[in-house]
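Each chain is listed here by its residues.
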Amino acid sequence: MSANIPQLFRTYQSHEVPLNCKIREAARATSATPALFERIEIGRAQPFIDGGMGRNNPSWLVLEEANALFPGRKLGCLVSIGTGQGGVISVDEPKAMIDTLKKIVTDCEATHETMLRLFTNFPDAYFRLNVDQGMQGIELSQLEKLNIVEAHTKHYMRRNEVEKNIDSVVNAIRVPKGQLLIEQFSTAMSFMKI
Amino acid sequence: MLGRLRMDVKTAIKHYDKLAEQVFSDIKPWGEDRKIMRAKKLEEVIKSMVGSVTLSRDSESPLLERDQAGACPTYVY
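Residue numbers (my numbering), protein chains in the order written: chain U, 560 to 753; chain V, 29 to 105.
So here's chain U without its partners, still in its complex pose (with noise of 0.2 Å):
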């Protein structure tokens, strides 16, 4: 699997040959990570090894397939939910994951900036919901420390700003304005990807 063009697991018919697989073998595809859950082959494909590789923010993949899915229609809003400033991943070697998880950070960052940019002109069309404090040094497996998460969750959903970014995020879904054609985007991000 390439990094740059991820292997995705449709429940619908697309453009692209079905791979035909079980609900539970999507599952350990996708989860597939080399430090925490073994890689898995599906038919003929190349063993799937790490389900979150190159793109870990997925708003450029979910324009692009809404674009070939549903052309001719308007785009509602485009809603990102992150896992947590500062990554909930970890692998037992320090120094190259410490580099990869700056990576990841640094890619999800880079991409929705890209979004801002490309939304400036659409207002309440994209949002955005990252927890922005207190996930440092939570490991992906350490589910003693969910409580955790869940407290800081809550705390960052109380905030001010965060409650009314949630009120719009409610808005736009139940009365979407469909500002612009999903297709006009495609012009866009074309020229904005880097």
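Computed cross-link-like contacts, EDC-like style, restricted to lysine to aspartate or glutamate with a CA-CA straight-line distance of at most 16 Å:
| hint | chain 1 | residue 1 | chain 2 | residue 2 |
| --- | --- | --- | --- | --- |
| 1 | V | Lys68 | U | Glu600 |
| 2 | U | Lys704 | V | Asp45 |
| 3 | V | Lys38 | U | Glu709 |
| 4 | V | Lys46 | U | Glu703 |
It should be emphasised that the hints constitute simulated quantities derived from the structure, not laboratory data.
Following the hints, put chain V in place on chain U, whose structure we already have.
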């Protein structure tokens, strides 16, 4: 869970909690044997979840939804 398995948010959280507990409750987090075991456990838990919530009660249900009516197109990667 919300897409293919058509759970509501409350049900999804309940299943997710159960899944996390079953998959991550081992003591030693790292190591080759651990990651193989954990992957097996994940697959087991997902299988039983799929078997209990799908209309067909089939734990081997395909990801592709045959009847798209009322379905929410979902992908994971």
